[in-house]
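Protein chains: 2
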Amino acid sequence: MPNPTAAMLVIGDEILSGRTRDANMFHLAGELAKAGIDLREVRVVSDDAPAIIGAVRALSGLFDHVFTSGGIGPTHDDITADCIAEAFDQSIDVRDDARALLVEAYTRRGAKVTEARLRMARIPEHAVLIENPVSTAPGFSVGNVHVMAGVPAVFEAMVASVLPKLTGGTPLSSASLRVMRAESDIAAPLRALATECPDLSFGSYPFHSKDGRYGANVVVRGADADDVAEALIRLKELFPDA
Amino acid sequence: MPNPTAAMLVIGDEILSGRTRDANMFHLAGELAKAGIDLREVRVVSDDAPAIIGAVRALSGLFDHVFTSGGIGPTHDDITADCIAEAFDQSIDVRDDARALLVEAYTRRGAKVTEARLRMARIPEHAVLIENPVSTAPGFSVGNVHVMAGVPAVFEAMVASVLPKLTGGTPLSSASLRVMRAESDIAAPLRALATECPDLSFGSYPFHSKDGRYGANVVVRGADADDVAEALIRLKELFPDA
Chain C
0 MPNPTAAMLV
10 IGDEILSGRT
20 RDANMFHLAG
30 ELAKAGIDLR
40 EVRVVSDDAP
50 AIIGAVRALS
60 GLFDHVFTSG
70 GIGPTHDDIT
80 ADCIAEAFDQ
90 SIDVRDDARA
100 LLVEAYTRRG
110 AKVTEARLRM
120 ARIPEHAVLI
130 ENPVSTAPGF
140 SVGNVHVMAG
150 VPAVFEAMVA
160 SVLPKLTGGT
170 PLSSASLRVM
180 RAESDIAAPL
190 RALATECPDL
200 SFGSYPFHSK
210 DGRYGANVVV
220 RGADADDVAE
230 ALIRLKELFP
240 DA
Chain B
0 MPNPTAAMLV
10 IGDEILSGRT
20 RDANMFHLAG
30 ELAKAGIDLR
40 EVRVVSDDAP
50 AIIGAVRALS
60 GLFDHVFTSG
70 GIGPTHDDIT
80 ADCIAEAFDQ
90 SIDVRDDARA
100 LLVEAYTRRG
110 AKVTEARLRM
120 ARIPEHAVLI
130 ENPVSTAPGF
140 SVGNVHVMAG
150 VPAVFEAMVA
160 SVLPKLTGGT
170 PLSSASLRVM
180 RAESDIAAPL
190 RALATECPDL
200 SFGSYPFHSK
210 DGRYGANVVV
220 RGADADDVAE
230 ALIRLKELFP
240 DA
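Protein chains in written order, with numbering that gives the first Met the number 0: chain C, 0 to 241; chain B, 0 to 241.
Quick caveat, the hints were computed from the structure, so don't treat them as lab data. The structure presented is a predicted model; accordingly, all values stated were derived computationally and were not measured. Don't be surprised by glycine CBs; every beta carbon is placed ideally from N, CA and C. A few of these clues could be false.
Which chain B residues face chain C? A few, computed with CB under 7 angstroms, are given here [stated by the list, open to error]:
hint: 1; residue: D21
hint: 2; residue: F25
hint: 3; residue: R42
hint: 4; residue: S59
hint: 5; residue: D63
hint: 6; residue: G72
hint: 7; residue: T74
hint: 8; residue: V112
hint: 9; residue: A115
hint: 10; residue: V150
hint: 11; residue: A186
List of simulated lysine-lysine pairs, DSBU-like, C-alpha gap at most 30 angstroms [as the list claims (entries may be wrong)]:
hint: 12; chain 1: B; residue 1: K164; chain 2: B; residue 2: K33
hint: 13; chain 1: C; residue 1: K235; chain 2: C; residue 2: K33
hint: 14; chain 1: C; residue 1: K164; chain 2: C; residue 2: K33
hint: 15; chain 1: B; residue 1: K235; chain 2: C; residue 2: K111
hint: 16; chain 1: B; residue 1: K111; chain 2: C; residue 2: K235
hint: 17; chain 1: B; residue 1: K33; chain 2: B; residue 2: K235
Sample of chain B residues lacking proximity to chain C, with all beta carbon distances greater than 12 angstroms (derived) [as the list claims (entries may be wrong)]:
hint: 18; residue: L31
hint: 19; residue: D81
hint: 20; residue: L171
hint: 21; residue: D226
hint: 22; residue: E229
hint: 23; residue: L231
hint: 24; residue: R233
hint: 25; residue: P239
Working from the sequences, and respecting the hints, build out all of it.
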């Protein structure tokens, strides 16, 4: 059976404005690879309702799972929960189970549950809550869309809450070889080997080192660890100077 | 006149597999902000022809400019140029102008122009070349799509080649204030100020500091620098402990 597929939707202006360098995409990609879920696409959109709703609908139809980050806090620019409700034609309001979580946490800290804080308990009617052990305000899943916070510590905690509940696949095995030759020098033998091993995928990622030399990391990936190990031996024979 | 809009398309498995943390997205976002071009969406897709062609067509129709990175090297997994040609119904082959650039550069270094290297001269028939001062093999523009390499040093050089040729807009002014209070505490006054200033956009980006404290960076953006400066004064009055 092929591995489940996934997409990620990053919501918010931080990355698009050049203010912030992505961290959540990198984290999720690594966790999905370990779980055997194939991340096929990432989209980053701004805090704009039509853009969010359109992307959620498109990705939810194309992939087995969609993971979103950002836009579920208490401020006026946090519109993700309302957009998800609209994308799935569900109503949304402050929900008792989410409110109870917030009341308990704020009361414990001796803080008041203000209207702004209650905004974080606005959850689509048929959503399942995702636990947030860091700062209480929950994420939620609607259908195959898992809605999580943008703050990296909270996002990572929510990923850890939701991933074990999903059915994963076979984690890909991979091996890589750093070849200090121009990519154009290794292209022909690499193509021949890739043609010979149709069950494996071979990627070549060129780089320039700081001292002005260049080379390529050749990465081989596949479901069968033995096949990958054998391909690595073949690669080392092809590029003995690696 | 509103600023031109843009999207970025990142092509390749490196980010989706969790192997590499993005750098090009962060670089381009910063350069576009300075040029007054509004980056509205980013998509990351794998080395898969239908995914690339579909994304190019969609983004090219939605935005004034599309910037792609990755997949124009000499190896078998470099399929971007062929996908762009197909997306725009153009033929593609080794083109004389691109071949001349490569022949000149390789001859200068005393290297041969192999078939693999010539693959980097495959350019759609009506494309305009983008100069690559780092490693010669050119990028290219077809219509409103600008196709660049994935290696960060080369990507950055190509962005520097192509951006001055595009008509930019008004760079947004921005100012930010670091408030050491929970986002839910600042949500109500921030919403009120945002409603009062419809020409400015106010974003709130919560964070957890390493010592366990939390707060939010409040960012105000707008076309008019004086309006932004005035809003910052208002923010400081609202949050005097910032």
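To see whether the hints hold, each was checked on the structure:
no.: 1; hint: D21; in the structure: holds, 5 angstroms
no.: 2; hint: F25; in the structure: holds, 4 angstroms
no.: 3; hint: R42; in the structure: holds, 5 angstroms
no.: 4; hint: S59; in the structure: violated, 16 angstroms
no.: 5; hint: D63; in the structure: violated, 15 angstroms
no.: 6; hint: G72; in the structure: holds, 5 angstroms
no.: 7; hint: T74; in the structure: holds, 4 angstroms
no.: 8; hint: V112; in the structure: violated, 9 angstroms
no.: 9; hint: A115; in the structure: holds, 4 angstroms
no.: 10; hint: V150; in the structure: holds, 5 angstroms
no.: 11; hint: A186; in the structure: holds, 4 angstroms
no.: 12; hint: B:K164 - B:K33; in the structure: holds, 14 angstroms
no.: 13; hint: C:K235 - C:K33; in the structure: holds, 26 angstroms
no.: 14; hint: C:K164 - C:K33; in the structure: holds, 14 angstroms
no.: 15; hint: B:K235 - C:K111; in the structure: holds, 24 angstroms
no.: 16; hint: B:K111 - C:K235; in the structure: holds, 24 angstroms
no.: 17; hint: B:K33 - B:K235; in the structure: holds, 26 angstroms
no.: 18; hint: L31; in the structure: violated, 7 angstroms
no.: 19; hint: D81; in the structure: holds, 15 angstroms
no.: 20; hint: L171; in the structure: violated, 8 angstroms
no.: 21; hint: D226; in the structure: holds, 17 angstroms
no.: 22; hint: E229; in the structure: holds, 19 angstroms
no.: 23; hint: L231; in the structure: holds, 16 angstroms
no.: 24; hint: R233; in the structure: holds, 15 angstroms
no.: 25; hint: P239; in the structure: holds, 19 angstroms
Consistency with the previously given hints fails for numbers 4, 5, 8, 18, 20, ordered from lowest to highest.
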